[in-house]
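Turn these sequences into a full structure, and let the hints guide you.
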Amino acid sequence: MGQRACSQSTIGQQKESLELSIGIGNDEAMSDQQYRAEFDARVEFSNGGHLQVGGFRVDVPTPDVTETDVATLFVASLGLLMSERVDVTGLRVLPEAHKGTRGGPSAAPTEPSGARRLVELSHVIEPGMTTYPGLPGPEITPHITREGSRANYAPGTEFAIDRITLVGNTGTYLDTPYHRYEDGHDLSALSLRRIADLPAVVVRTAGSATRAVDVGALAPFDVRGKAVLLHTGGNRGFGTPGYAEDAPYLTAAAAQWLADHDAALVGIDSVNIDDTGDPTRPAHTILLAADVPIVEHLTGLDQLPPHGARFTAAPPRLARFGTFPVRAFAIT
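Numbered per numbering that gives the first Met the number 0, the sequence shown spans residues 0 to 331.
Derived by calculation from the structure, the hints in this document are not laboratory data. Be careful, since some hints might not be right.
Cβ-Cβ distance ranges computed for the label pairs, FRET-style [what the hints assert, rightly or not]:
hint	residue 1	residue 2	range
1	G78	Q255	22 to 28 Å
2	P141	H260	47 to 53 Å
3	E138	Q32	39 to 45 Å
Computed from a predicted model, the values in this text were never measured in an experiment. By construction, the Cβ of each residue, glycine as well, lies at the ideal position given by its N, Cα and C atoms.
Next up, the structure:
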């Protein structure tokens, strides 16, 4: 595609048209395939000066967007004022999940349509499975078999009661402050307000050249009172020896930023929210000290929009227990 120059008036008119197309095509935009545009751009401002970027990306509603459409989304995404002219070059549209571009098709929660969708975000727990390397897998054995129960009931009536032995760090699980701090509250004291029906923000870093999720990936989002779900793509190797190798993680600075900005919960689809090569475990230390629960080993985050989902990850109320598996899910 060639270069396209857009004036401020053209951008304003195009914004109204683009907003209408985004609204009408919302169901399509949130279908299985989403798109992002990559491009170079130069912005000239009416009060002097300019801004130039290369390889910039924004969410787009359809794969057939024009340079003018992309210029409009670019200006909106950065909140640029007094932009006189925008030149877009090198435009290409990529099949890629939306990341929540401000002013883009996934920037705002979708309006209720009456048809809610439940999205599974937990791994299945099976006997002998490996969640975290070095920890034993669960053992499931019968306590009372169906055959053994028949003597206690009427003919044709039988039950099975099973026994499970597992460590708390099995499958998709939640950490409370007691996991890190002896005087921190445990699972029995965990408030439902911190783990159930939370507005979710999905931060996508899958495909990043670095393992670290740092402040820059979080800064565009309003995280106050929200479940911040880090979609790193690290879940792809779950259950394999390579799952824990070079795994994505949250930096100490990013953990502090989330605590300072009052995130309600932080989840990640990786083996650990910390870099396992760092024995100080700063993300656990910072978040749990701030009473922010952590959910690790999530899966299915690619099925969620950047904004608008409601997240739940509720463990049982266990006294003197800091970590336990959850059935994590979202409603979109």
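So, going through the hints one by one against the coordinates:
1. Separation of G78 from Q255 is about 25 Å and conforms to the stated range, judged on CB atoms against 22 to 28 Å.
2. Between P141 and H260 the C-beta distance comes to about 48 Å, which sits within the given range of 47 to 53 Å.
3. Range check, E138 to Q32: Cβ separation about 42 Å, and the 39 to 45 Å hint holds.
Hint violations for this structure: none, all hints satisfied.
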